[in-house]
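Take 8 as the starting number for the sequence shown in my numbering and just add one per residue.
Bear in mind the hints are in silico, worked out from the structure with no lab data behind them. Take the hints with a grain of salt, since some may be wrong.
The list that follows gives simulated cross-link-like pairs (lysine-lysine, BS3-like), each with its CA atoms no further than 30 Å apart [unchecked claim]:
{"id": "1", "residue 1": "188", "residue 2": "177"}
{"id": "2", "residue 1": "99", "residue 2": "177"}
{"id": "3", "residue 1": "104", "residue 2": "169"}
{"id": "4", "residue 1": "284", "residue 2": "268"}
{"id": "5", "residue 1": "193", "residue 2": "25"}
{"id": "6", "residue 1": "268", "residue 2": "22"}
{"id": "7", "residue 1": "193", "residue 2": "22"}
{"id": "8", "residue 1": "104", "residue 2": "83"}
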Amino acid sequence: MMQDLVINLPQDHLKHMKVFLNHRIQNAKDADQVIILVSPELNIDISSIAKDLIKDLGFFVITRRSVMDCYERSDKYVPGCISPLLIAEVTKSLTMKHPVAQGGWLMFDHPCTVREARCLQQLGVLPSVTLVLSPPPPLAPPTDNPHTPARGFFQQDFEGLKYAYRATLKEVHVGPGDDCKAVAAKCVRGIRAAAAGAADGARSLQAVGAPGVYRVLLLGPRGCGRRLHADALARRFRLLHLNYDVLYNEAKCREDDVGEKLRNYGCSARLKAEIVKRRLTKKDCIDNGWVLTGYPTTGVDFEMLDNMPTPPNRIIFLNADWQTCKERVLSRGVDWCTGQQAPLGSGPRVLLHPADDEARLDSELDAYFSETLAELRAAAGINAVEVDAMKPIDQVQVEIQAAIMAAPAFNIEFGSQLSNVRAD
Numbered sequence: 008m009m010q011d012l013v014i015n016l017p018q019d020h021l022k023h024m025k026v027f028l029n030h031r032i033q034n035a036k037d038a039d040q041v042i043i044l045v046s047p048e049l050n051i052d053i054s055s056i057a058k059d060l061i062k063d064l065g066f067f068v069i070t071r072r073s074v075m076d077c078y079e080r081s082d083k084y085v086p087g088c089i090s091p092l093l094i095a096e097v098t099k100s101l102t103m104k105h106p107v108a109q110g111g112w113l114m115f116d117h118p119c120t121v122r123e124a125r126c127l128q129q130l131g132v133l134p135s136v137t138l139v140l141s142p143p144p145p146l147a148p149p150t151d152n153p154h155t156p157a158r159g160f161f162q163q164d165f166e167g168l169k170y171a172y173r174a175t176l177k178e179v180h181v182g183p184g185d186d187c188k189a190v191a192a193k194c195v196r197g198i199r200a201a202a203a204g205a206a207d208g209a210r211s212l213q214a215v216g217a218p219g220v221y222r223v224l225l226l227g228p229r230g231c232g233r234r235l236h237a238d239a240l241a242r243r244f245r246l247l248h249l250n251y252d253v254l255y256n257e258a259k260c261r262e263d264d265v266g267e268k269l270r271n272y273g274c275s276a277r278l279k280a281e282i283v284k285r286r287l288t289k290k291d292c293i294d295n296g297w298v299l300t301g302y303p304t305t306g307v308d309f310e311m312l313d314n315m316p317t318p319p320n321r322i323i324f325l326n327a328d329w330q331t332c333k334e335r336v337l338s339r340g341v342d343w344c345t346g347q348q349a350p351l352g353s354g355p356r357v358l359l360h361p362a363d364d365e366a367r368l369d370s371e372l373d374a375y376f377s378e379t380l381a382e383l384r385a386a387a388g389i390n391a392v393e394v395d396a397m398k399p400i401d402q403v404q405v406e407i408q409a410a411i412m413a414a415p416a417f418n419i420e421f422g423s424q425l426s427n428v429r430a431d
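Assemble the whole structure, with the sequences as input and the hints as a guide.
Spelled out as structure tokens, the structure:
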């Protein structure tokens, strides 16, 4: 603690020490990141509730006003023009500051629109829990009018933001006799319950409107980091990582009709689809979800996958240029004693994998960038998300997780369901 105080030189030493101790006590989990949405039907002092939460949990509060102050000082600021993307970038910079990232943050009047929420999600600013403060549900709806009244710039789109943050939503019912301290106590219980659920696994991340099971398809060229990020996603969301090469080798060794055809006649598009389908329809994949790499490799493959009983509901392209992919592949080797992957040149037993021959790699990358990529993009349609895989690994993983948790199954602007997306 003394070393941390000397390094950071905080203005408020006691508050900094409290945050430091809280973080050490709860170091098994990440810092809490909370967004509070207040129903327009409630007349409560949210600022007082936020102050009580700060006392109990040591949050750093990020308000709409503080974001706008930084926004107006930005070099990209244009007077009279409000950019949701720039607002999101400013907000992210506030959340990334060392004390805030360590102690956790709380937002209660920001963001205000669905567009702002989407920009925050795309940049990886994700709450660990979203608390919705609302009165107990009435016995019958008070009105059939679906339209919301006009809002000012600092007023939140309550229903739209509930939809945007549906994956981490937790409702807190505020009774007519509840004062600010009672509401704050309910919020603390909600935050701690959500944190306990997250520590127990990623199933707590599924909530109102989110798929019950994530079925993730990672697409990209060799060297873009598909398997690396698939392994990280499997750990984060407790999914099964299915790599097509492994499935193919297992199928080829089996004594059944598919194995016999593979050994005698080689592989066709239909046989590849059958190999994948058999694995995806097993109970563990249906119950837990999966992340698939190495398949599909053509538009025909993608259509066959999309017509299976359990198609992907998250499609993510990892984009990296030819030279970067080539350098990554040729820099890795295999320990010929253990079979484990290791950096080339890290030891006398580490050799280049035979499949990573430079001429063969150039041929594969040429086929991907000249033909395969265009086919897969056309087959995936508008619901696919593209992530720049040339950024640092941690940042790429954050963007992939944001895409998985936030990708909508419905087009909010037009109110129609998107093609190729199936939300369970």
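A quick look at each hint next to the structure:
1. 188 to 177: The hint holds at about 19 Å.
2. 99 to 177: Within the cut-off at roughly 23 Å; holds.
3. 104 to 169: 27 Å, holds
4. 284 to 268: 16 Å, holds
5. 193 to 25: 22 Å, holds
6. 268 to 22: Roughly 68 Å separates the two Cα atoms, so the pair is violated.
7. 193 to 22: Given pair residue 193, residue 22 holds - Cα atoms ~23 Å apart, limit 30 Å.
8. 104 to 83: The given pair, whose Cα atoms are some 20 Å apart, holds under the 30 Å limit.
Hint check: a violation occurs at hint 6 only; the rest are consistent with the structure.
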